[in-house]
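Taking the hints into account, I'd like the entire structure generated from these sequences.
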Amino acid sequence: MAEANSGQDLAKTMKALVLKTTSEPPTIQTVETPQPTLGSAVVRVLQIKVISYTREVMNGKRNYQFPMPLIPGFSAIGRVAAVGADATMVKPGDLVYVDCTTRSRDNPSDVFLAGVADGYTAGSKRLMKDVWRNWTYAEYCRAPLENLAVLDERRLLGRPGEGGLGYSIDDLSFISTLLVPYGGLRDIELQAGQTIIVAPATGPFGGAAVLVALAMGARVIAMGRNASSLAKLKATVPTPGLVETVQITGDIKAETEALAKFGQADSFFDIGPPEAYQSSHLKSAILSLRHGARISLMGGYREDVAIPHVVIMHKNMQLRGKWMYERSDIADLIKLVEHGILKVGEAAGSHTYGHFSLEQYKEAWDLAAEHTGLGDQILVQP
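Counted the way UniProt numbering counts, the sequence shown spans residues 1 to 382.
Hints were generated in silico from the structure; no laboratory data involved.
Computed from a prediction, not measured in an experiment: that's the story for all the values here.
Virtual Cβ for every residue (Gly too), placed ideally from N, Cα, C.
Any given hint could be a false lead.
Claimed, not checked - Each pair of labels, with its calculated beta carbon distance range:
1. 239 <-> 302: 33 to 39 Å
2. 24 <-> 315: 48 to 54 Å
3. 20 <-> 308: 44 to 50 Å
4. 327 <-> 217: 46 to 52 Å
Below, the structure is given as structure tokens:
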């Protein structure tokens with residue numbers, strides 16, 4: 001039996017960014033091009049959306065754990081170059097979203113972020129080290145078939161007058177940002193017509209949560225520290241009449257009173273950065289929820305956080321932690337995009353600040369650290 005269907009001849013070698021140690025910068029190297037195996041495909045990487053804290057991950061400041069040497073990466077848009085012999089849907093030439101959230105096939109709780117972090121279990125660490133170590137900061141990437149979502153190229157990139165949505169590859173790169181809050185919102189079963197508090201709402205993932213919640217039919221109360229950023233967020237969304245804003249001031253009483261003006265919310269989505277673990281919004285948002293409300297905790301806190309235990313207990317609230325999203329969430333969110341329900345690109349307030357080659361990775365990572373607002377994109381094109 002043949003091991004693979006090449007679709008095109010793969011070059012023997014390729015260019016890749018290789019990290020040997022977090023104490024030294026990565027380097028561009030010529031390495032062997034990966035070959036497809038059963039259960040995998042080789043993808044020509046078109047572009048990667050740089051996450052704002054990439055530099056801090058790769059220099060060790062965030063203390064993420066991963067095996068080295070490593071070809072780092074994140075989720076990407078690519079085109080399938082070759083597939084394993086058992087692929088029945090994915091085929092060479094397909095435009096695909098390459099997802100970095102990688103799970104064990106026989107134990108889904110073993111999960112890691114390919115190219116970023118090796119997860120929290122012995123199984124996830126072994127899987128990244130021995131099987132899926134190298135990722136998308138390269139001309140080609142070998143990925144599990146289940147990490148690939150085939151995109152309807154004609155619908156997404158086609159002209160509006162011909163049934164298309166008129167998006168570009170740049171626009172599609174925003175999918176990776178939208179997916180993160182979608183996982184949390186799906187997890188707490190956000191329903192159309194409900195009201196949800198999103199905080200902090202002015203960062204890349206918090207702002208994306210506002211867009212996704214609106215596309216799911218919810219009304220949003222967006223909380224953030226910067227009043228002008230909140231106003232910009234409200235002006236950016238497609239349905240500003242469904243967005244209310246409340247400033248995070250550090251005064252729990254004032255925040256709770258401001259939230260009360262909009263009635264009791266059905267749910268609360270938290271996605272604060274590590275440094276916000278003592279932020280007042282955690283308590284004021286929970287105090288503003290109805291009986292039986294649901295809370296999604298997706299914040300990146302490294303420290304313990306204080307919550308109003310008595311209120312949560314007496315109101316029968318549900319707290320759910322969520323790391324990233326499920327495989328089924330990827331297909332469902334892409335359907336929202338392909339049907340035109342969830343916007344990407346300029347219609348979602350997205351703006352690309354620069355395109356960079358692999359050799360320009362440092363400039364890309366530095367620029368990404370400066371642009372952390374909703375829709376801010378810096379793209380690397382291997």
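Now for the hints, and whether the structure bears them out:
no. : hint                    : verdict
1   : 239 <-> 302: 33 to 39 Å : holds (35 Å)
2   : 24 <-> 315: 48 to 54 Å  : holds (52 Å)
3   : 20 <-> 308: 44 to 50 Å  : holds (47 Å)
4   : 327 <-> 217: 46 to 52 Å : violated (23 Å)
In the structure shown, a violation is registered for the earlier hint numbered 4 alone.
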